[in-house]
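Trainee: Residue-level listing of the chains:
Protein chains: 2
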Amino acid sequence: MSKYQALLTRLGDVVSLREAMAVLGYDQQTQMPAGAAEGRARQLSTLARMEHEIFTDDATKHLIDDAENEVDDVYESDAVSLLRVVKQDYEEATKFPASFVEEWAKETTLAHETWVHARANKDFKAFESTLERIMVLAHKSAEFLGYKEHPYDALLGRFERGMTTAEVDRIFEGHRPRLVDLISRISQKPQVDDSPLHHHFEQDKQREFAMNVVQRFGFDTHRGVQAVSVHPFCTSFGVNDVRITTRFEDNFLNPALFGMMHEAGHAMYEQGVAQHLDGTMLSGGTSLGVHESQSRMWENVVGRSKGFWSWALPMLKETFPQLADVSLDAFYKAINKVERSFIRVEADEATYNLHIILRFGIERDLLGGKVAVKDLPKVWNERFEASFGITPPHDGLGVLQDVHWSSGLVGYFPTYALGNLLSVQYYNTAVAQHPSLPDEIANGEFGTLLGWLHDNIHAHGRKFTTAELTKRVTGGEIESDSYIAYLENKLGEVYGL
Amino acid sequence: MSKYQALLTRLGDVVSLREAMAVLGYDQQTQMPAGAAEGRARQLSTLARMEHEIFTDDATKHLIDDAENEVDDVYESDAVSLLRVVKQDYEEATKFPASFVEEWAKETTLAHETWVHARANKDFKAFESTLERIMVLAHKSAEFLGYKEHPYDALLGRFERGMTTAEVDRIFEGHRPRLVDLISRISQKPQVDDSPLHHHFEQDKQREFAMNVVQRFGFDTHRGVQAVSVHPFCTSFGVNDVRITTRFEDNFLNPALFGMMHEAGHAMYEQGVAQHLDGTMLSGGTSLGVHESQSRMWENVVGRSKGFWSWALPMLKETFPQLADVSLDAFYKAINKVERSFIRVEADEATYNLHIILRFGIERDLLGGKVAVKDLPKVWNERFEASFGITPPHDGLGVLQDVHWSSGLVGYFPTYALGNLLSVQYYNTAVAQHPSLPDEIANGEFGTLLGWLHDNIHAHGRKFTTAELTKRVTGGEIESDSYIAYLENKLGEVYGL
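Chains A and B are the protein sequences, given in the same order.
Each number in this note's numbering comes from the position in the first sequence (counting from 1) with 647 added on.
Each number in this note's numbering comes from the position in the second sequence (counting from 1) with 647 added on.
Check before you lean on any hint, since a few could be wrong.
[Unchecked claim] Simulated pairs of lysine to aspartate or glutamate, DMTMM-like, Cα-Cα distance not exceeding 25 Å:
| no. | chain 1 | residue 1 | chain 2 | residue 2 |
| --- | --- | --- | --- | --- |
| 1 | B | K852 | A | E855 |
| 2 | B | K769 | B | D1012 |
| 3 | A | K852 | B | E896 |
| 4 | B | K852 | A | E896 |
| 5 | B | K708 | A | E896 |
[What the hints assert, rightly or not] Just a sample of chain A residues kept apart from chain B, beta carbon distances all over 10 Å, derived:
| no. | residue |
| --- | --- |
| 6 | E685 |
| 7 | E754 |
| 8 | S834 |
| 9 | G926 |
| 10 | Y999 |
| 11 | T1095 |
Simulated from the structure, these hints should not be mistaken for lab results.
From a predicted model like this one, the values you see are computed outputs, not experimental measurements.
All residues carry an ideal CB built from backbone N, CA and C; glycine is no exception.
Excised from the complex, chain A in its bound form (with noise of 0.2 Å):
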């Protein structure tokens, strides 16, 4: 056997727990009784150890060493990119004392309630100093990992590899002030009604229609199964296994309708991975931003473009009689309605990116050390009033509101917005190779988009980085310019602006 077969036979038994880890995660949050949660952590905290032993240790290293000198030298080449990205996972892996992990999981399992109970109660006062542990942590966790410029870039890496602050800041700020422009502009039209979207739809018939919708655009129930959690996410167990849940409201079509889209796009993601990298380390998407730019992209640039319902509206009242008298033009408009609100989960296109660019520059100042805690409700308020013109009015509609804190996700949010700049940027790279895209959507056709994204993003799995893959499919860099120029055009028609 070859060095690089053991490697490969070494990290497959790494990827098998990561998998097997995922299955429990998931069972977690769909059908696990309550009582088991101190059974499940034991579980998965016994998988992580031996997960994180085997992946750490020196023989790993040694393996990769040696079969550095046997593959070819094409950088696009399974093996090449394979030892490529093992290589930085090692590397990053092993930059973590084992006693910090466990602080670190103690801390943040321990966070999670301490916050479940401040939001609940509106109390920041009551999260305080559990948020100052783990800044104190996520701090120490960027002078492991190092970073040459700001903290910031150590941490955002981890989601991100090889984004820098810098260039996250760079890329919002040329947009920041276009989007609190374009919001403005509509705050000043004749506001869209909604309440199509607000009648009593039954579950079932949310679930059979969303799921058909789905299966449309591809999502293959061969290998994949769709389930209910409190929570939307989607999570795969490789190649041929991949979950959505959906989480359903009796008198609000579109946390089922737009969320089982969006999941459904993660899962197209990794369900289009090439087979042959089922079970390594290069299978999955290759980052959250990318992973967001699809579950956005059937969201959002198809699921709520004027196309997709020309053709999908006729059916969507024969489920739901009750929409009969709602003309494409007002449904349309409806699900495509822009507002100013405090919640970052609910925001609709226009916004949503404000909410993001909001949290970045605080993540980036308590990082930097420009922001202390203590102060986080001010800052955040202020900031707030400036992006959106309106206050929160407590901090269980501001800075109490995500839970990604208090699990230790420093850095995390700025691949939201970025997924949603790289939807349109691949969409219209795709757009331009097969100009008929709209059109087939319009008819309901979905395979020409789904065969140009399996084909030159989901089959490379983890072999690019985001930088990488968007230079390869679009010939350029992440920028904000098509995003604006999306919405405006979306926008402007829906608001006559």
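Given the coordinates of chain A, work out where chain B should sit on it, guided by the hints.
Mentor: Showing chain B alone in chain A's frame:
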């Protein structure tokens, strides 16, 4: 840290891996998409290999040996019991060479598919050579395990530690003629009408009613969940996470109703193990026979009793008005109908053990070299005719009906019959100590019975063997007189013998 503590820690990893494997198995049977089979096999085989490596490592043996010098000498203390049980587990696990384990896994995985097709085509020849190889492996396995008198002892002992072929033979031959006689007398009486069980019953309502019943029994949904699967089963990932599954038929009440009581019986055993044994190798039921005693007690001794239905039938009628005109007497007779039939899993309480005794004799004679695989259809049909007075029209209703052999499970069948015998022995003991029990059941109160089972059987987990436990509980040994008396009494009334 003491050596005993170190051993507990090491074994804790083994238990966590086993529990994780059980989660993956449960997901596989309840949710996993068809295309994921290969990936799941990869994940499971990785975990199984790690579990086996950790458990059978010399380090485990050394810790066991060292720990033995630290603990007290109280036979039933946690520490002494754990060491006793783990030593036996360890010795058993290390008896098989890794190459044999691999061959076994491979052969039985392939055999399953072969058996499925052979049964569907009623074609024993298509399964014959596969079954021959499995029996060769079963033989080898008996040699690896070692035995005193009969190679079948070794196989039996894997499912009922300490049980011998001679003992099973004595117990089975002790009641076989009496079963044959009872069934013969019943067949001469007017037969029971079970048409009330064959109405159309909505699945949602079946589920709701059966769940109400088993929750009333004491199945704890804070630490348990019910799901749907093709083959009903119970599995547990620790004391606080026990899953049961159900198969529904639209036009037959029994599979879901009595099936759920049965699986809940298993589940309450797992949930009743003492909390401080959770995560240790003493957690779980002590043997398949004792496990089956719990499922059969709740399904049959309680669930098919007149007292229970005097309480439950009015509620069942509320759920299913189509039963409004069925009297308690008629319903009681319907659910206790005795019928000579070909299929074990559909058998009633009187004929069930005859199905098992047939299989036991055949397995014993296969292992003893008295019956050849190629003669099985002939032997099966002759012996079936001798016990039941009818001959299977084809092998699909005969020798090919059970999945067990294709999975390598030789020596498993007897535990079903032992469970039936024990269910009545244990129940009678409980009634002797709590004479009000039958009246409580007739009032829908099950707390005394469940509490007694928890204290006397469940809490101990794997501390005692079936024989030890039965001695502690009943003061005697496993025997068939009680079961026969129970059947004579119940079916005497139903059939007016």
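Trainee: Give a verdict on every hint.
Mentor: Each hint, compared with the structure:
no., hint, verdict
1, K852/B - E855/A, "holds, 22 Å"
2, K769/B - D1012/B, "holds, 23 Å"
3, K852/A - E896/B, "holds, 24 Å"
4, K852/B - E896/A, "holds, 24 Å"
5, K708/B - E896/A, "violated, 56 Å"
6, E685, "violated, 7 Å"
7, E754, "holds, 22 Å"
8, S834, "holds, 46 Å"
9, G926, "violated, 6 Å"
10, Y999, "holds, 32 Å"
11, T1095, "holds, 23 Å"
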